[in-house]
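Chemist: Listed below are the residues making up each chain.
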Amino acid sequence: MRGQELLLAGAIVAGLATAGLPAAAQDIGIGLVVPLSPPGDPVGGQLIRRGAELGVETVNAAGGVLGGRKFKLYVEDSQGKPEAGVAAYRRLVSEDKVVFVPGFFHSSVAIAANEVANEMGVPTMSLQASAADITAKHYEVAFRTHVVDPVRVSAFMEFIKQKNFKRVSMIAETTDYGIGIADETIAQAKKMGGIEVQKVPFDRTVTDLTPQLLQIKAFKPDLVINIGVGQPLDLIIDQATTIGLLPNTPMLVSYDAPVRPQYWKLHPKNGAGIYFIAYFSPKAPLSDIGAAFSKAYVGKYKEDPVYGALNGFGAIEIISQAINAAKSTDPKALIKTLETGTFKSWPSNPVTFPRAKGVYWHNWSAPVLILHYTKPMEDWKEAEVAVQYAPVVPKD
Amino acid sequence: MPLALETIRLVKRFGGLLAANDVSLAVEHGEIRGLIGPNGAGKTTLVNLVTGVHPPDMGDVKLGGQSLRGCAMHEIARLGLVRSFQVTRLFGNMTVSENLMTSFFARRNRATGDGTKQIGNMLELTRLGPLADTQAKKLSGGQRALLQMACGFMVPGSCYVLDEPFAGINPVIKDAIIDMIVDVNRRHGATFLVVSHEMAIVRRLCRQVTVMMEGRVAAQGTLDEVARLPEVIAGYLGKALE
Amino acid sequence: MFSTELVVQTFISGTMIGVLYALMALGITFIYSIMRMINWAMGEFYMIGSYLQYALVALLLGPDLWWLAIPISAAGVFLFGLVVQWSLLKPIFRKPPEARDDYATVVTLALLLLLRSLATGLAGPNQFSPGSDLPVVMVGPLPMAGARVAAFVFALVALVLFYLLLRYSWYGLALRATSQSRVGVQTAGIDVLGVDRIAFGIGVALAGLAGALLAPVFLVYPTNGLITTVKGFEIVVIGGLGSIPGALIAGVLLGLIESFGAAFIDSAYQNIYGFALVLLILALKPTGLLGERGREA
Chain A
1 MRGQELLLAG AIVAGLATAG LPAAAQDIGI GLVVPLSPPG DPVGGQLIRR
51 GAELGVETVN AAGGVLGGRK FKLYVEDSQG KPEAGVAAYR RLVSEDKVVF
101 VPGFFHSSVA IAANEVANEM GVPTMSLQAS AADITAKHYE VAFRTHVVDP
151 VRVSAFMEFI KQKNFKRVSM IAETTDYGIG IADETIAQAK KMGGIEVQKV
201 PFDRTVTDLT PQLLQIKAFK PDLVINIGVG QPLDLIIDQA TTIGLLPNTP
251 MLVSYDAPVR PQYWKLHPKN GAGIYFIAYF SPKAPLSDIG AAFSKAYVGK
301 YKEDPVYGAL NGFGAIEIIS QAINAAKSTD PKALIKTLET GTFKSWPSNP
351 VTFPRAKGVY WHNWSAPVLI LHYTKPMEDW KEAEVAVQYA PVVPKD
Chain B
397 MPLALETIRL VKRFGGLLAA NDVSLAVEHG EIRGLIGPNG AGKTTLVNLV
447 TGVHPPDMGD VKLGGQSLRG CAMHEIARLG LVRSFQVTRL FGNMTVSENL
497 MTSFFARRNR ATGDGTKQIG NMLELTRLGP LADTQAKKLS GGQRALLQMA
547 CGFMVPGSCY VLDEPFAGIN PVIKDAIIDM IVDVNRRHGA TFLVVSHEMA
597 IVRRLCRQVT VMMEGRVAAQ GTLDEVARLP EVIAGYLGKA LE
Chain C
639 MFSTELVVQT FISGTMIGVL YALMALGITF IYSIMRMINW AMGEFYMIGS
689 YLQYALVALL LGPDLWWLAI PISAAGVFLF GLVVQWSLLK PIFRKPPEAR
739 DDYATVVTLA LLLLLRSLAT GLAGPNQFSP GSDLPVVMVG PLPMAGARVA
789 AFVFALVALV LFYLLLRYSW YGLALRATSQ SRVGVQTAGI DVLGVDRIAF
839 GIGVALAGLA GALLAPVFLV YPTNGLITTV KGFEIVVIGG LGSIPGALIA
889 GVLLGLIESF GAAFIDSAYQ NIYGFALVLL ILALKPTGLL GERGREA
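As they're listed, the protein sequences go chains A, B and C.
First residue of the first sequence? That's 1 in our numbering, and the numbers climb one at a time after it.
First residue of the second sequence? That's 397 in our numbering, and the numbers climb one at a time after it.
First residue of the third sequence? That's 639 in our numbering, and the numbers climb one at a time after it.
None of these hints come from the bench; they were simulated from the model.
Even glycine gets a Cβ: it sits at the ideal position worked out from N, Cα and C.
Heads up, none of these hints are tricks.
To give a feel for the contact side, a few chain B residues facing chain C, derived at Cβ under 7 angstroms: (1) M469; (2) H470; (3) A473; (4) R474; (5) R479; (6) R485; (7) F487; (8) G488; (9) N489; (10) T498; (11) S499; (12) F501; (13) A502; (14) R503.
Excised from the complex, chain A in its bound form:
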């Protein structure tokens, strides 16, 4: 009996504590939808989360927005699955009352979430998902601060032209991202002419990719483009090494996974020689807030921030500036302000989200790089810059 009374008292106190926080209404909720568990890429999600968390700390430490209101970050796991991402978006908007939902590492999750966002009205910002449809549908709510697929593929083409490759194989996961990139590559290669392209798709859940890689080896390509995300990407590197495809044939990884610290832990011997797309290099100048963030990040995590973390931080900075400029947290006003204003993020170039043509709608991105590891255990900051491609954004 005594125990029950204690429990009851505890429950009442806990209830009062929650109820007694009307100040919480002052907080502005920001949602974050990122993959934190497989089959998503949990590392990618974790890096964005770190950046966003530090961004919220920075904004709040500087006094918040609208004269003192603080940001509160609600993080949801998309598991890299569209249905989980959609559920996360719904929960954030309807239960947590957030005013802005950045994140989105996997393109299929971003595309699915944008369909719901288009109805519910709270804007999204895709930080590392690159499929065309995310912005090409010209939804009012859809924003992005990432390289779109055609730009990424243009960077591939720049590289292929420069190295004079004639036969190109792609091993692509059967997702919006993988197939999107592969088909865009085929289209751009056709336009360029003189290149034979092989496309070998695979299911993300398959762990033994030897049959696919044997097909590629039989094709005798000059270049293999590894269009896997997360664990398949690593399996492809290892299994390609086994069957002798690597290091004899150069391999290009379609995003910046190799800059992550665990890349060399997983591939201490066969990781050298890899080319990979990157969106950031220490050689590129940072803005003042980007530099301050970088310092805080190193202090907290004892490693340099990479692109995902920088973009996570950037999203929080951009929305804080937009809320102050709009003098409101109303989604419609925020969208209007984002479309018309100019903002500051981690790079030195200004950030805008114009209602531009095609995939460039509501889209801003940093220049695309192709980096090259020339020796084992090389620091990514030392990696050779093979290609630096500035996207040409068609103006309205």
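Place chains B and C on chain A using the hints.
Modeler: Then chains B and C, alone, in the frame of chain A:
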């Protein structure tokens, strides 16, 4: 000296059916007791209660004076109370020898000696020798019954509970099973509780029989004594002996 | 495209992966044949095996002693299996409730979620690799990772040991007998719950062994058991539930069909070919290639 097998006021209810109603039974050492009664009288239920398949709702079973309350089936078997089933529970995909071996290993102790020799004895006794390496599922019904009996005799038990060992078996094998029972009874002084409908065999084997009807003990005595009781004639023997 | 070399390479690669799939299926089918329940958490025992292997190699023994880590990992999973049977399954099996299978399903599904969350909680969602210093080996015309060849050899050795245990030991006799009549063995004086414990331990140890063997090849992360479990169940359906030779034959068959399908039909549907075979088998012979119609009396 305590009784070989004793049940004390056993009660077992299955839903609304009172399958065992205050059943008390006392079997002496070295006795071959017959258990007869019409179908549905609770004979198999009693066997299941005695061998630990079902726990009784009330009452107790004692083997050589020791209570079996709370004992699992295999523990009861290891204490020396061995049963056979109406439908044989052999290991169909295993050979005759392997079936015998399994029963031997499970209950062996320091006194049991060499298993292979005992298998030889049993194969000879049952005349299953030529089938030693045949899978049990390929045997005839009678051969299976013989094998099941032989499995029980691999390690001599103190008490055997046999549920319909003669049902649906040809006369030659029936005789072989009777011989085995008599042999083990004489040589090891083993006690038997034999459930059967075959009055001729019961008369041959059992000095005393217990009659069960509607879940309770209706009568006990020699077969001729109980056969004279009007209640038994009305409920069972009248029909069985027609 | 259809070069002889590619065909031979595809054949070898399919066979070798098939044997490892079979190891997983064997664990599922073996536990089923004894306990008449399906252990849905099989993949999590695979996962534990892979984490043990990683922990032993990376933190304790070093990469040179990988071969020593493998039996230790499998033994660790065996012991864990004993604990699981004793604490979670035995209480279900002690009393014979009508819905024993349903209880076992719920318990093992809960175990699946628990173990997966524990792995994520303890080691994070990231993938690890214990690494392997073994050189690449030429198997016919196919270069294969040393670790994968080693996994194949270890798997064969484990299969032979498993066969010898079943065929020639007293435990094997008791296990085989239990798979045919649980009542029969109890009458013979065998502690059937004790047999269950050993069987569950051995069954999950087979999965743990597969996890330890494949750790350097397919990486270590919280859900790495998922795909092998799915394959394991496909194999069990193809080969026939409860049939040990069926599991071996169907394992190799599935490996071959997936490899050839991916190489010569369309690589995007590698996971579909196995399911197609499952559907075909269910339509033509619902008990599987070597499955039995019912239990033996």
